[in-house]
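Order-wise, the sequence lines are chains A and B.
Note that the first sequence covers residues 7 to 253 in the numbering used here.
Note that the second sequence covers residues 1471 to 1873 in the numbering used here.
Calculated from the structure, these hints are not laboratory results.
All values derive from a computational prediction rather than experimental measurement.
Misleading hints may appear alongside valid ones.
[What the hints assert, rightly or not] Capping the alpha-carbon separation at 25 Å, the derived lysine-lysine pairs in DSS-like fashion look like this:
no.	chain 1	residue 1	chain 2	residue 2
1	B	LYS1531	B	LYS1514
2	A	LYS200	A	LYS227
3	B	LYS1617	A	LYS97
4	A	LYS158	A	LYS145
5	B	LYS1772	A	LYS158
6	B	LYS1772	A	LYS106
7	A	LYS145	A	LYS106
8	B	LYS1830	B	LYS1514
9	A	LYS200	A	LYS158
Next come the chains, spelled out residue by residue.
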Amino acid sequence: MTPARTPEIIYQLKDVAKTRSSNGYTFGLRVPSLRIHRGEKIALIGESGCGKSTLLDMLAFILQPSDAGSFRFHAGQADAVDIGAAWRKQKRDRLAALRKTHMGYVMQTGGLLPYLNIYDNINLSRQMLGMPADDTVEKLARELGLTRHLRKLPDALSTGERQRVAIGRALAHRPAIIIADEPTASVDPFAAEKIMSLFIGMVEERNITVIVASHAWRHIKQLGLRRLAHHTRRSRDGRMTETVVSG
Amino acid sequence: MFRQQRHSLALASRDYFHEWRISICFVLALAAVLGPMLVLFGLKFGVVGAMVDALVEDPLKREIRPVGSGRYDRAWIDSLRQRDDVDFIVPRIRSIASTLSVRSEEAGRILQFEVIPSAQGDPLLDPRLAPPSGLDKVVLSASAARKLQVGAGDHIEGSLLRQYNGRRERVTLNLQVAAIAPAAAFSRDGLFASVALVEALEDFRDGHAVPALGWEGAVTERERQYTGFRLYARSIYDVAGLRDSFVRSGMNVRTQAADIESVQRMDRTLSAIYWAIALIGLGGFSLSLGASLWANVDRKRKELSVLRLVGFRSGEIILFPMAQGLYTAFFGWVLACGIFAAAAWSINALLAPQLDGAQKVCRLLPEHYAMALAITVGASLLAAILAGIRAARVEPSEGLREI
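With the rest of the complex left out, here is chain A (with noise of 0.2 Å):
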């Protein structure tokens, strides 16, 4: 049996680890079995500190694992790519390409650069790929509500509004998967439901797979999102926390 070579599953994770030491605390993230299908909609609930952050940034390839028993990424038509492995060998450039061209990616603040206009901002990911000027961006501007404000730069905008922004950039390139770490939480609640639930239709319009990290599940469980499990420990003294996340 070979399920990474399945199309359906994007990731395959097995017995993937992260650990991290600051100040004689210890923190681990600990992943024993992790499997993301095309078209999935993966919340990734828990307070702060817990490590959604950390899982996040492994699955966007930006943190290198401490240990990855089994990482393996299948999103375009090649071949699953062993993600450990380019970990190993240090091919940041060959990680970077594979964000480029699957990926899109929410920050909880934003991530826009504030020297371009909110058109060359969203545009950025497909710019990044080559691929031709249409109406896309302004398509999407268009649902995102940000029509007026495409010729003006970040600075001039609401928190809320950079985050629509902020998505905007993920979706433009279509990619296959978008991670969102926190995309609404800098935000007013009511404002962060309807953005959330805006980025959610969006999403699944698009049959994009989605990974969204939240410290509320209150207003994203009615979306409609597969919630991962997880738990942590935390050792007697509180010097050590470990997580431990599966799904």
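Got chain A sorted already, so can you dock chain B onto it with the hints?
The following block gives chain B in isolation, referenced to the frame of chain A:
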């Protein structure tokens, strides 16, 4: 093929001009170090350059003349003229025979002038004016022309006297003033004449016939001997070598080698002082440039992480600080050149009263500007590459979580 690189450069430019306030600070910081260094170098180059120019331009410094009188034949003089390090050589005759009484219509009295053998290319004469030639065209020194109240093109009358067969004989010859020599080159009363005319004067005094001028006398075949010569080295740097070769052949010569050497020694001393200051300045300059570019990359870690996140490769990330470093280097250099131009103009204007018109105390050649640009660009590229490599090594997740 270079789409991504171009994209990276375009983004770096957008960022650089978007943050124009900070960019201006970097440019100012660079120009503040580079500008004064250019002024310093300009001063050193201008001061020493002016001294060397004065030496090179002053033919007297290149002059070599034998001590006392000797016997030199034409072939020997000609062989010296063939040497690469000899600019000009003309034979001299006995000084007792080298005077001429001259009078002009404008000045009534008769004046005694020293006759100096000369020819085309004589460094004492203005090369743009006609040289003495034939048996009738002469050049007057400035003071001689003043006393005779004549100018170029005027006619004067020379006369000379000899005791021949117990009789006093006087001959006159009509001369035309071909040109007036520059005052700086020869301060005494003098008359520059062609070698042929000088030889004629000597022959007449010695009782020989000069058929070309219709002067009678003894007709004898003899080889002409000169008592000395006036020689100019091609440059001041050739003087010492020529002097040594004369000394080796057993001839005593008088030169300005000591003067030349003292200026060269001063040049070396000033250069050493300058290089000491320049090295310290260059060190400070590189540190300041490196520190500011490094700090800039550090400041931009988050933005560079975003670029990494959207899929820029390491090489393209490094291009980002490199492009910005190049901008800072170029604009800083332009501003530094501006600072130098203003400072040099002020210094030169301030010292103008003490200098001859064209002399500049503070100046640079185009290649100096180019060298400053090359050093600045090199140093900033090095700093940007080092900082960029560091930025590219940072795990993007680290940069992203800052804030």
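message: Would the hint linking LYS1772 (chain B) and LYS106 (chain A) be met if the CA-CA limit is 25 Å?
response: Cα-Cα ~18 Å, so holds.
Q.
Holds or violated: LYS145 (chain A) and LYS106 (chain A), Cα atoms, limit 25 Å.
A. holds, 21 Å
*Quickly compare the C-alpha distance for LYS1531 (chain B) and LYS1514 (chain B) to 25 Å and report which way the hint goes.*
Holds. LYS1531 (chain B) to LYS1514 (chain B) sits at ~22 Å (cutoff 25 Å).
* Asked: LYS1617 (chain B) and LYS97 (chain A): Cα distance at most 25 Å?
  -> Not OK: LYS1617 (chain B) and LYS97 (chain A) at ~93 Å, beyond 25 Å, violated.
**Study point:** Hinted pair LYS158 (chain A) and LYS145 (chain A), Cα distance within 25 Å
**Key:** With a Cα-Cα distance of about 17 Å, the restraint between LYS158 (chain A) and LYS145 (chain A) holds, given a limit of 25 Å.
Next item on the list: Please work out if LYS1772 (chain B) and LYS158 (chain A) have their alpha carbons no farther apart than 25 Å.
Entry: holds, 21 Å
For the pair supplied as a hint, LYS1830 (chain B) and LYS1514 (chain B), is the alpha-carbon distance within the 25 Å limit?
holds, 11 Å
Agreement of LYS200 (chain A) and LYS158 (chain A) with the hint, judged by alpha carbon distance not exceeding 25 Å:
holds, 23 Å
### Message
Hint check: LYS200 (chain A) vs LYS227 (chain A), CA-CA at most 25 Å. Holds or violated?
### Response
holds, 14 Å
Figure legend: structure checked against the earlier numbered hints; the only hint not met is number 3.
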